[in-house]
Amino acid sequence: MSDITALSASSLSDALAKGELSSVEITRAHLERIETTEGALGSFLARSTDALSHAEHSDARRASGDSRSPLEGIPVAIKDVLCTTDMVTTAGSRILEGWIPPYDATVVRKLREAGLVALGKTNMDEFAMGSSTEHSGYHVTKNPWDITRAPGGSGGGSAAAVAARQAPVAIGSDTGGSIRQPAAFTGTVGVKPTYGGVSRYGVIALASSLDQVGPVSRTVRDAALVHDVIGGHDPHDSTSIPTPWASMTEAADAGARSESLAGLRVGVVKQLVGEGIQSGVTQRFDEAIELMSRNGAEIVEIDAPHCEYAVAAYYLVLPAEASSNLAKFDSVRFGLRVTPEGSPTVEDVMSATREHGFGDEVKRRIILGTYALSAGYYDAYYGSAQKVRTLIQRDFAQAFEAVDILISPSAPTTAFRLGEKLDDPLAMWAGDLTTIPVNLAGIPGMSIPMGLAPEDGLPVGLQLMAPAYQDARLYQAGATLERLFAQRDGYLVSERTPEVV
Amino acid sequence: MAKDQLMDLEKALELFEPVLGFEVHVELSTDTKMFSAAPNPAAMDEANVDPNTCITPLCLGLPGSLPVVNEKAVEYSISLGLALGCDIAPVSRFARKNYFYPDLAKNYQISQYDEPIAFEGSVAVEMDDGTLVDVPIERAHMEEDAGKLTHVGGATGRIQGAEYSLVDYNRAGVPLVEIVTKPIEGMEHRAGELGRAYVSTIRDIVRNLGISNARMERGNLRCDANVSLRPRGTVPYGTRTETKNVNSFRSIERAVLYEIRRQAAILDAGGVIIQETRHWHEDTGVTSPGRPKSDADDYRYFPEPDLLPVEASAEWVQRLKDALPESPVHLRRRLRAEWGFSDVDFQAVVNAGLVPEIQATIEAGVEPVAARKWWMGEISRIANDRGAEPASLVTPGAIKDLQALIDAGTLTDKLARGVLQGMIDGEGSPTEIVAARGLEVVSDDGALLAAIDEALAADPDVLDKIREGKMQAAGAIIGAVMKAMKGQADAARVRELIIERAGATA
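Line by line, the protein sequences give chains A and B. Counting from 0, one number per residue, gives the positions in the first sequence under numbering that gives the first Met the number 0. Counting from 0, one number per residue, gives the positions in the second sequence under numbering that gives the first Met the number 0.
No lab work stands behind these hints, which were simulated from the structure alone. All C-beta atoms in this analysis are idealised placements derived from N, C-alpha and C, irrespective of residue type, glycine included. Any given hint could be a false lead.
[Claimed, not checked] A few chain A residues that face chain B, going by a derived Cβ cut-off under 8 Å, partial list only:
1. CYS82
2. TYR102
3. TYR200
4. GLY201
5. VAL202
6. PRO234
7. ASP236
8. THR238
9. ALA319
10. ALA326
11. PHE333
12. LEU372
[Claimed, not checked] Restraint-style ranges between C-beta atoms, simulated for each label pair:
13. A/GLU249 to B/ARG217: 53 to 61 Å
14. B/ASP86 to A/ARG332: 33 to 41 Å
15. A/TYR370 to B/PRO182: 32 to 40 Å
[As the list claims (entries may be wrong)] With a Cα cut of at most 27 Å, we get these calculated DSS-like pairs of lysine-lysine:
16. B/LYS96 to A/LYS362
17. B/LYS181 to B/LYS96
18. A/LYS386 to B/LYS96
19. B/LYS399 to B/LYS413
20. B/LYS399 to B/LYS485
21. B/LYS413 to B/LYS482
Can you build the whole structure from these sequences, using the hints too?
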């Protein structure tokens, strides 16, 4: 094996099964890769100190025939929004600096039970509020394709880590695009499952009705393998869907076996491909449509008129729920405590702690959300936003009567430069236009690379959307498309990721 | 604090009409809390559980924790709603009530707001004179309790002036049902009494349903009393105050009357009532202002996104309706009539909580008066001595057996009390104890007469006195005979025999 870190989780799994590699070798290779690249990238907020010991246990299990899953012994990076009992969990915020949760998130528990080896916690915008990871309370993460550019956000750490081969797979969370947009910016695959498909228990909440955890990887099949591990009903999350799920891996395998999209009805959402889209993105998107059409897909233009209001509705629902979810950070029971001079009251301590502990973007959204929920404004803001949400759901339901999947660019642009949008929150928010409707509708969405933009050579993401519960459809279509793109280009986009150092 | 001016109650009621409203919080005695698997201290017998031992990540509001609705708590809430004559919402919803306070771990309370589980009911309340008053119920909704703060270092034990405060989150997340009445008009002089009787009725209902320990002194049952006054002959309600912290039935009555008198004095002097919460002080019998409560209070309610709506199927509701026990008020009125007890006697039974035991004993075949005497008398006395619940000492069936021995003349009342002691101490059934102790009453007249003659020989004047009509003189002889018989004689029969000996007629 010349470079272990270049292998997909799927290939590593095969090598482990054949005895060609051990989990210790694989884990060590990734730890070394982190060691050499982390200084340039800053993907991680915390690194596991006992990853190798977990890898040894995994090898021992395999040796005694007790492998727990196809991903036994495979390293994984975990977004810092998920609670881990063995690593500091901060959600990218100073207000949780040094906090070690007394319990594992259900997703983390499932990863451990499946034998994966956690490498560390990845950087993110503070409390997942942001689209560039520049709002992390700790440091900025760089895009491996160009370290002057943002890896996207909020899950820039997970996406950068996977793109730069620091980890074969990672876990992200997606409230308005935090898995898919970074995937698009880094040439990786990212999936936001159906709302309720993956447990939110132990996931530090941003907006409870929108948050969803999902996989980040370099191939569609790898994402499917992770999805099968982390998905499924969790009695600790009331919004978790109790019905059983199809195997995403089987769907991906079925898709990868096929070179044809015959019979697949593909809808192009008019409202998500309009103005404000970078020309290279539009070009690659048009080529993708052409490719699909040539391979048998039926392309249908879809009108989803209410998507026009998605960003506005989202930036009311999200701050409203976030303002309440973030109220618990008050210094009384855990996390940072800042005590002002003199004889402060408990309210003084709470205020000082929140003032010092929260960053500007978090404060901006707390204020916005508090206002939107206020008596007299509730109906106009939160109430109206929820109505828009219902209308968008109807738009999608109607669309899916005519087509099997919907497509759009994953993001309007390729990775923007660090600092470029930092002083313009509205421009930053507008960049979420393509991903937000998916969260508002609760449906699954996937971003896969569809080439490099001619003008800047950066990856461009294609977003696939399916009806709720039909996540498997994304994996099947995604795997076929991945194969068709590779045949067309002669490479997978992720294989072209620069060396970083 | 300036002392409140109070108007004489009679005068206050001449000038103003009181309008009342009550909010009663009931802690449910489910095994676990409202939204987590933490043990529920409100279901425990111990009064004091070590602080912060009944907690999960949710009780502490830890990041990432999520609520899950306790189905049993929903079931209890539906039963309570039905017992209050409410409609049960097929779909109700939890909402977040947002405010910062250190005892509220998440800094929001999960409650029900515009979609409560039960609404539009009515509860019959029995007044002291036996008349019934129907109290209209606005709604009953589910919510979670907050933690408990202990303020240390201040003079008053309140947050003002405290050096630091301790927080115990054991109570955080205990399931609550809040029962809200509609405005209650026309109670006049009986306003205070109604408050007491209403809360007492709620206590009886939740105990009867077995859904709460309902001990006011432990905070299982808490009442806020709303009082407003309007000048006689006017329609709009006056400004109300909400008196909190009222934790005994008697205090509710006193607090309501106090507020009527206080508000009347202010209004009569041309002042205005401030809409505020007030605290009741048990020791001084006054209320004092708490925080102003106005439209400025903004809890930013919104539907709880972590929970699905609560669905109560028609079948579920019907099943619970069918299982409802007879309401305590109706049961009591029925039993009082059937048993023929006086109001005072019956109320004593109710207060002692022994209606079920006495009912079961009567159903086993014991006369009501005898059943009451056993449970309210000797059994209660022993229970009191031992710090035990009367019902835990002896069964209604055993009391029936004991009483049967008295009725058959085998035991005197006094002997029977000794046997009861033996029964409680586990010595066996009444018959076994009588046999083992050789307690059977001597009913052989020959043996009794011999003992009487022996006693008369020592005190011959007695017969003359009896012949003169001084019947009480027989007492000394009866005493001597009972002593000779070691108590195992029927004193009434001894008395009859003495009178026969004297040749007198009783």
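Flag every earlier hint the structure violates by its number, smallest first.
none
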